[in-house]
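Work out the full structure, taking the sequences as your base and the hints as a guide.
Chains as they are written, first to last, in the numbering used here: chain A, 1 to 295; chain B, 1 to 264.
A couple of the hints might just be wrong.
[As the list claims (entries may be wrong)] Pairs of lysine-lysine, PhoX-like flavour, derived with a Cα cap of 20 Å:
1. Lys34(B) <-> Lys8(A)
2. Lys90(B) <-> Lys4(A)
3. Lys228(B) <-> Lys249(A)
4. Lys31(A) <-> Lys55(A)
5. Lys186(A) <-> Lys208(A)
6. Lys182(B) <-> Lys90(B)
7. Lys228(B) <-> Lys8(A)
8. Lys178(B) <-> Lys4(A)
9. Lys182(B) <-> Lys4(A)
10. Lys34(B) <-> Lys4(A)
11. Lys196(A) <-> Lys228(B)
12. Lys178(B) <-> Lys163(B)
13. Lys45(B) <-> Lys34(B)
14. Lys228(B) <-> Lys34(B)
15. Lys90(B) <-> Lys65(B)
16. Lys186(A) <-> Lys260(B)
17. Lys45(B) <-> Lys178(B)
18. Lys8(A) <-> Lys178(B)
[Said to hold, decoys possible] From chain A, some residues computed to sit far from chain B (all C-beta separations above 10 Å):
19. Gln45
20. Phe50
21. Ser68
22. Asn110
23. Ile118
24. Ile134
25. Ser152
26. Asn190
27. Glu193
28. Ala194
29. Met238
30. Arg244
In case anyone wonders, no lab produced these hints; they're calculated from the structure.
Quick caveat, the model's predicted, so the values are computed rather than measured.
Even for Gly, the Cβ is constructed at its ideal location relative to N, Cα and C.
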Amino acid sequence: MKNKLFEKYFVFSPYFWLVLFFFIPLAIIFKISISVSEWGMPPYQDIFLFDNGFKINTTFENYVYIFSDYYYIGSFVNSLILALISTFFCLLIGFPLAFYIATSNIRLRNILLVLVVIPFWSSFLLRVYAWKIILQNNGILNVILLNLGIISEPLQLLYNQYAVIMGIVYTYLPLMILPLYGYLNKFDLNLIEASKDLGLNRIKTFFKVILPLSLPGIVAGSLLVFIPVVGEFIIPEMLGGSDRLYYGKILWEEFFVNRNWPGASALAFSGIIILVLPIVIFQILYSRWSQKNEI
Amino acid sequence: MKSSLIKSTVIFLGLFFLYFPILVLIFYSFNENKRVMVWKGFSLKWYNELFNNEQIIEAFIISIKIAALSATFATILGVMIGYSLVRIRKIPFKSFYIFLSSTPLVLPELILGLSMLLFFISLNNIIGFPSSRGQLTIFISHVTFCIAFVAIIIQARLTDFNKNIEEAAMDLGYNYTKVLYKITLPIILPSIIAGWLLAFTISLDDLVVASFTTGPGANTLPIVVFSKVRLGLSPEVNALSAILMFALIIIGLFYFYCNKKFKH
Numbered sequence: 001m002k003n004k005l006f007e008k009y010f011v012f013s014p015y016f017w018l019v020l021f022f023f024i025p026l027a028i029i030f031k032i033s034i035s036v037s038e039w040g041m042p043p044y045q046d047i048f049l050f051d052n053g054f055k056i057n058t059t060f061e062n063y064v065y066i067f068s069d070y071y072y073i074g075s076f077v078n079s080l081i082l083a084l085i086s087t088f089f090c091l092l093i094g095f096p097l098a099f100y101i102a103t104s105n106i107r108l109r110n111i112l113l114v115l116v117v118i119p120f121w122s123s124f125l126l127r128v129y130a131w132k133i134i135l136q137n138n139g140i141l142n143v144i145l146l147n148l149g150i151i152s153e154p155l156q157l158l159y160n161q162y163a164v165i166m167g168i169v170y171t172y173l174p175l176m177i178l179p180l181y182g183y184l185n186k187f188d189l190n191l192i193e194a195s196k197d198l199g200l201n202r203i204k205t206f207f208k209v210i211l212p213l214s215l216p217g218i219v220a221g222s223l224l225v226f227i228p229v230v231g232e233f234i235i236p237e238m239l240g241g242s243d244r245l246y247y248g249k250i251l252w253e254e255f256f257v258n259r260n261w262p263g264a265s266a267l268a269f270s271g272i273i274i275l276v277l278p279i280v281i282f283q284i285l286y287s288r289w290s291q292k293n294e295i
Numbered sequence: 001m002k003s004s005l006i007k008s009t010v011i012f013l014g015l016f017f018l019y020f021p022i023l024v025l026i027f028y029s030f031n032e033n034k035r036v037m038v039w040k041g042f043s044l045k046w047y048n049e050l051f052n053n054e055q056i057i058e059a060f061i062i063s064i065k066i067a068a069l070s071a072t073f074a075t076i077l078g079v080m081i082g083y084s085l086v087r088i089r090k091i092p093f094k095s096f097y098i099f100l101s102s103t104p105l106v107l108p109e110l111i112l113g114l115s116m117l118l119f120f121i122s123l124n125n126i127i128g129f130p131s132s133r134g135q136l137t138i139f140i141s142h143v144t145f146c147i148a149f150v151a152i153i154i155q156a157r158l159t160d161f162n163k164n165i166e167e168a169a170m171d172l173g174y175n176y177t178k179v180l181y182k183i184t185l186p187i188i189l190p191s192i193i194a195g196w197l198l199a200f201t202i203s204l205d206d207l208v209v210a211s212f213t214t215g216p217g218a219n220t221l222p223i224v225v226f227s228k229v230r231l232g233l234s235p236e237v238n239a240l241s242a243i244l245m246f247a248l249i250i251i252g253l254f255y256f257y258c259n260k261k262f263k264h
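Here's what the structure looks like:
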């Protein structure tokens, strides 16, 4: 009897907190996203009206408004492309690093792993700020390039989409390396030797042995990078210019500048549906697929 | 021989890429010139300015306070989730429970921040609380998204945990609660500390959610720093960076020490 009480306490304390402070806020976003907007405070009408009998006052106009305007769709597409490119570069840099760390001897491996992850512990905002210093017109990169005689006048490196990609790859790299390392670490190195003995060359060994076995790590790392990057606000704000608008910026401005709460909520809720829902589905499918393939 | 050369080169370049920006930041914090990019000479001037900047000091104290409190709450609730998911069979609507405790990990901060702000505004309209946003609302939001990080660490630890020790203690007459407090929690203590440190750092570092849920008198350190560097460079922020990087890296090392302890 006592055990049950205790179990309930353990299960329901966080349950209560998360329903109240996580689920209900998400529900409120949905509620406001289907409200009729108006001038005033708060800038939307209630969805239940009682003045002349009970009436439900909802609209999908906010969604129609967002999905019919290229300004919003275009920004979201920009964010998706940005996330795709950044994830690709994180993988390109992260994979060889994770692979070589995982194949080092044990003592070196732990040191290297800590070294790779430690920058992740230092402030995110300040790491982005560091790139602002490096990419300045009179910044260290331009100075080096000028002194080497590669360029004759400073390049405009900051405030464009390339600077944004640079900042993202830099700050999110550890998030890619960790799960990759996690899977590569479990991996039996003899398999590579075996594959070579069986006559596969390096390229074939990579594509037939190493890549399939590290696929779960690649998927996990890519998701950890891709999703937050779609909603990224700080990096484009600090390093980006006006050449491209992104989802995060649009959402921020819709709420704080245009004071269009229903519109901002519709944007946010669409983001949840487009980003988070596929992952839940994907995880279910993937776990089924991997179960089937292991047997 | 050739492949080991490639290996060393890759590792060296990777580490260089990760550390170069941090070193640049620290290097320029010693620049005497007010124009951050033009080197004039070594000086501790900006450190001095930093310690006399009341706005930054105040923000720092607020941030530490919020981070310590929200890390503590998030750790308590996160340990409960981790324990429930691994040890307790009957959880009503288990997939909903898993959804609630893992979605904050992947949800973009911006959406989380917006939802919290709209929640607090709606709550205020209905019950008149919280009448204004500030440290309390930031604290609540930070607990909410730090829980998931602690839960994942504890869950991983408990999954590896040898259940026999708990069962042996039960056989020796310990009841359920006693096993938890005398056996399970002490053994996973390093992981609990690791979870607390992670939550503390995440809260200390958060800009987006805090920007949404802040109010009068609750400018956290990232909010102040962001307002200073959004449009330009600030030599004081350079000095702050150097100190903060150093402090956070030490916390990070301590985290590794705690989290590694049980693995070997």
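Hint-by-hint comparison with the structure:
1. Distance restraint check for Lys34(B) and Lys8(A): the Cα-Cα separation of roughly 59 Å exceeds the 20 Å cut-off, and the hinted pair is therefore not satisfied.
2. Restraint check: the Cα-Cα separation between Lys90(B) and Lys4(A) comes to about 10 Å, which is no more than 20 Å; the hinted pair holds.
3. Using a Cα cut-off of 20 Å, the hinted pair Lys228(B) and Lys249(A) holds, with the two alpha carbons roughly 19 Å apart.
4. Between Lys31(A) and Lys55(A) the alpha-carbon distance is near 15 Å, which keeps this suggested pair within the 20 Å criterion.
5. Using a Cα cut-off of 20 Å, the hinted pair Lys186(A) and Lys208(A) holds, with the two alpha carbons roughly 17 Å apart.
6. Between Lys182(B) and Lys90(B) the alpha-carbon distance is near 24 Å, which puts this suggested pair outside the 20 Å criterion.
7. Annotation: proposed proximity of Lys228(B) to Lys8(A) is violated, straight-line Cα distance about 47 Å (limit 20 Å).
8. Our distance criterion of 20 Å between C-alpha atoms is met by Lys178(B) and Lys4(A), whose separation comes to about 14 Å.
9. With a CA separation close to 19 Å, the supplied pair Lys182(B) and Lys4(A) stays within the 20 Å bound.
10. For the hint pairing Lys34(B) with Lys4(A), the CA-to-CA distance comes to about 64 Å; that exceeds 20 Å, so the pair is violated.
11. Between Lys196(A) and Lys228(B) the alpha-carbon distance is near 56 Å, which puts this suggested pair outside the 20 Å criterion.
12. Annotation: proposed proximity of Lys178(B) to Lys163(B) holds, straight-line Cα distance about 15 Å (limit 20 Å).
13. For the proposed pair Lys45(B) and Lys34(B), the alpha carbon gap of about 10 Å is at most 20 Å, so the pair holds.
14. Taking the CA atoms of Lys228(B) and Lys34(B), the gap is about 14 Å. The hint holds against a cut of 20 Å.
15. For the given pair, Lys90(B) sits about 37 Å from Lys65(B) by alpha-carbon distance, which is inconsistent with the 20 Å threshold.
16. With a C-alpha separation of about 17 Å, the suggested pairing of Lys186(A) with Lys260(B) holds against the 20 Å cut-off.
17. Between Lys45(B) and Lys178(B) the CA atoms are separated by roughly 56 Å; this puts the pair beyond 20 Å, and the hint is violated.
18. Distance hint between Lys8(A) and Lys178(B) is fulfilled; the C-alpha atoms sit about 16 Å from each other, no more than 20 Å.
19. The Cβ of Gln45(A) lies farther than 10 Å from every Cβ of chain B, with a closest approach of about 13 Å, so its non-interface assignment holds.
20. Every beta carbon of chain B lies more than 10 Å from that of Phe50(A), the smallest distance being close to 15 Å; the non-interface claim holds.
21. Consistency note on Ser68(A): stated as away from chain B, and its beta-carbon is indeed over 10 Å from all of that chain's, at 22 Å minimum.
22. For Asn110(A), the requirement that its beta carbon stay farther than 10 Å from each beta carbon of chain B is not met, with the minimum near 8 Å.
23. Not every Cβ of chain B is farther than 10 Å from the Cβ of Ile118(A); the closest lies at roughly 5 Å, contradicting the non-interface assignment.
24. Some Cβ of chain B comes within 10 Å of the Cβ of Ile134(A); the nearest lies about 6 Å off, and the non-interface call is violated.
25. Listed as outside the interface, Ser152(A) is consistent with that label: its C-beta sits roughly 19 Å from the nearest C-beta of chain B, beyond the 10 Å cut-off.
26. Consistency note on Asn190(A): stated as away from chain B, and its beta-carbon is indeed over 10 Å from all of that chain's, at 16 Å minimum.
27. With a minimum CB-CB distance of about 13 Å to chain B, Glu193(A) clears the 10 Å threshold, and the non-interface call stands.
28. The claim that Ala194(A) lies off the interface holds: its Cβ sits roughly 17 Å from the closest Cβ of chain B, which is beyond the 10 Å cut-off.
29. The claim that Met238(A) lies off the interface is violated: its Cβ sits roughly 7 Å from the closest Cβ of chain B, which falls inside the 10 Å cut-off.
30. The Cβ of Arg244(A) lies farther than 10 Å from every Cβ of chain B, with a closest approach of about 17 Å, so its non-interface assignment holds.
Checked against the numbered hints given earlier, the structure breaks hints 1, 6, 7, 10, 11, 15, 17, 22, 23, 24, 29 and satisfies all the rest.
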